[in-house]
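Q: From first to last, the protein sequence lines are chains C and R.
Note that the first sequence covers residues 1 to 226 in the working numbering.
Note that the second sequence covers residues 1 to 406 in the working numbering.
Treat the hints as calculated values from the structure; they're not laboratory data.
One or more of the hints may lead you astray.
Footprint (simulated), chain C over chain R, 3 or more residues, beta carbon under 8 Å [as the list claims (entries may be wrong)]: (1) 9 to 18; (2) 311 to 323.
Derived pair list, reagent style SDA-like, types lysine to any residue, alpha-carbon separation capped at 25 Å [unchecked claim]: (3) 302/R / 392/R; (4) 18/R / 135/C; (5) 89/C / 319/R; (6) 89/C / 9/R; (7) 152/C / 103/C; (8) 98/R / 253/R; (9) 314/R / 46/C; (10) 301/R / 29/C; (11) 301/R / 6/C; (12) 302/R / 187/C; (13) 89/C / 18/R.
Even glycine gets a Cβ: it sits at the ideal position worked out from N, Cα and C.
What follows is the residue order along each chain.
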Amino acid sequence: MSVLLEVKALSKRFSRKDSTGQAFNAVSGVDFLLEEGGFLTVTGHSGSGKTTMLTMLAGLITPSSGEVLFRGTNIFSLSDRRLSHLRSKEISFIPQGAELLGNISIYDNVRSPQLFSGGDAEDSGRVDYLLDFMGIGALAEEYPANLSGGEKRRVAIARALFNRPALILADEPTSDLDPENTVMILDLLKKINAEGTGIVMVTHDENAAACGTMRTCMAGGMLEPC
Amino acid sequence: MMSRLSPFSLVIGNIARKPFRTFILSSLVAVFCMAMFAGTVIGLKISTGTQLAADRLGADILFVPYGYEKSVQSSLLRGEPSSFYMDRGLVGELRGEKGVLRVTEQLFLATLKASCCSYPVQIIGFNPKTDFVVTPWMNQSLNRAMNENEVVAGCKISGNPGETIRLFGREFSIAAKLDPTGMGFDTSVFMEVDRARRLLLDSELGLLLRIPEGLDKSTFISSVLVKAEPGTDVTSLVNGLSEKYAIRYNLDFTAIADMISSISSKLSVFASVFRMFSAAVWVLAVMILAFVFTIILQERKKEFGILRIVGASKGHVRRLFVGEALLTSCMGAFCGVVLAALALGLFHTYIDVTLNLPRIGIGFGKTLLIGAGVFVMGLVTGPLACLPLLRKLGSIDSYLIMKEGE
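Pulled out of the complex, with its shape left as it was, chain C reads as follows (with noise of 0.2 Å):
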């Protein structure tokens, strides 16, 4: 198997904001390969730099130290035009809460990648195709401040998918939410990745965690097989 994810001693650097202005390592030295179609999940306390790392694998936030890279290139080399662009085509991120556009409709809301991937001719097809796969067809025409949060979940789901990503970050994907949907949301990630999406998830429930292939857990901002 191919490498598509190769993360060498990553670390990122936080001044606190109290009166100390003291420095400290949000993550440190992070290491990690994870190959095509791989599922890694990642566990730990709050404020352990989850989050943290998570934002740098995006490239939402530069590192102090270290690289991350994807299928070889190193993303913190592109510029921020190349970077979105990578976001919007090939690493796709499912942020906590799932949070949604709320001035636009649903079924916007999961084009809504396509907005900045190049102007690619419409695809409404694989939006009605994601909104039935994800069980919420019906709701297309709403607009996300009327969705419980299992449903904005499902869609954050579908617009993360919506440009057929080589990855998934996911961030505290289940977090909040009823046994009932987070059954759902995990049996969903399950079949994305077993369809040949590589995943990295971070979360804080160990049943969660129990879905990837491969199980890490972060403290103090390192990280180590669990």
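Given the coordinates of chain C, assemble chain R onto it according to the supplied hints.
A: Using the frame of chain C, we list chain R on its own:
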């Protein structure tokens, strides 16, 4: 089939789903555009109107009975009827003065009603042999001498050439109509001075008119207009003539240019204040919008974070933010210009009367050009207010901030 999703449709969606915010921001731009458009149009109207009035009168010095200077201004500029009388002897005396090229007299009669109009009409009697003020305008529409029962009507007097008009109980035939002058001439009726005098004296109203004691009833007039010889210093000429004749004839005297520039300078102050007010409103609009956009930016960090997640570059986010500001300004600017144009159109008579302006338009082309200029200024208001925020917009780690807020 859903409509195509584009950055523009995203901007439209954001604006349409926040109608109150959009209304407030657009209104701010609209108020600025209204003030700027109205101020510029009125300012231009003042400068054009007063200059045109000076050019059209054709005389350099005006003599009227003492106390009637304001009345003659209103009459000449806006056609407000007035009647005042003085001795004609001055005309002959002025002709012999050094520096005087031409001298002519006019007689003003104000009707209380006329068959043409629902308002009093100013009748101006002129001397065709010496006139240099009215005749140039008449020659464009009547190139022959007027008959006994003929008059020439200003462009705003109802009735066409060949039709009749009833003045002081007598029927007159309209020989011709004047082209628009933008002045009192437009609402006046012209006839020979001797005929006008007879008309007045023969009417019942003649008995009621204030003809001062001692005036020769066969020769009295209302004003004397003087054209100076080319190269003559008009101010010196006015001073010299007034020193010699003012007390003897009980006169108000003024250089037309001074009269016009006096009106003009008073109105220019008004126009300047209006322009300063517009500029202040603009600066205020930019500052308030910048403040509001700063608040909006804080409120919408989450949204910008989502846009970054789905693949928007920092440039995309900036363009969407500026796009919304531009569209909001565009709506405000359009409404402001249209409302101001409507208000000026509806209330132009009131404005002209209040400012004592000649009733002259500045032309559709110029109005359109001013409208376009003000619209562009309104349009850039929003994007200009965004400028200080653009750097900040590119540097926020939206996703982390989004999570911190939860």
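Q: Each hint needs a verdict: does it hold in this structure or not?
A: Outcome of the hint check:
1. 9 to 18: The restraint on the stretch 9 to 18 of chain R holds, since 7 of its residues have a Cβ under 8 Å from chain C and three suffice.
2. 311 to 323: holds (count 6)
3. 302/R / 392/R: Roughly 14 Å between the alpha carbons, so the hint for residue 302/R and residue 392/R holds.
4. 18/R / 135/C: violated, 30 Å
5. 89/C / 319/R: holds, 21 Å
6. 89/C / 9/R: Holds. Residue 89/C to residue 9/R sits at ~21 Å (cutoff 25 Å).
7. 152/C / 103/C: Between residue 152/C and residue 103/C the Cα gap is close to 14 Å, so the pair holds against 25 Å.
8. 98/R / 253/R: Holds, at roughly 17 Å.
9. 314/R / 46/C: violated, 29 Å
10. 301/R / 29/C: violated, 29 Å
11. 301/R / 6/C: The given pair, whose Cα atoms are some 30 Å apart, is violated under the 25 Å limit.
12. 302/R / 187/C: violated, 28 Å
13. 89/C / 18/R: Roughly 30 Å between the alpha carbons, so the hint for residue 89/C and residue 18/R is violated.
Hint violations for this structure: numbers 4, 9, 10, 11, 12 and 13, all remaining hints satisfied.
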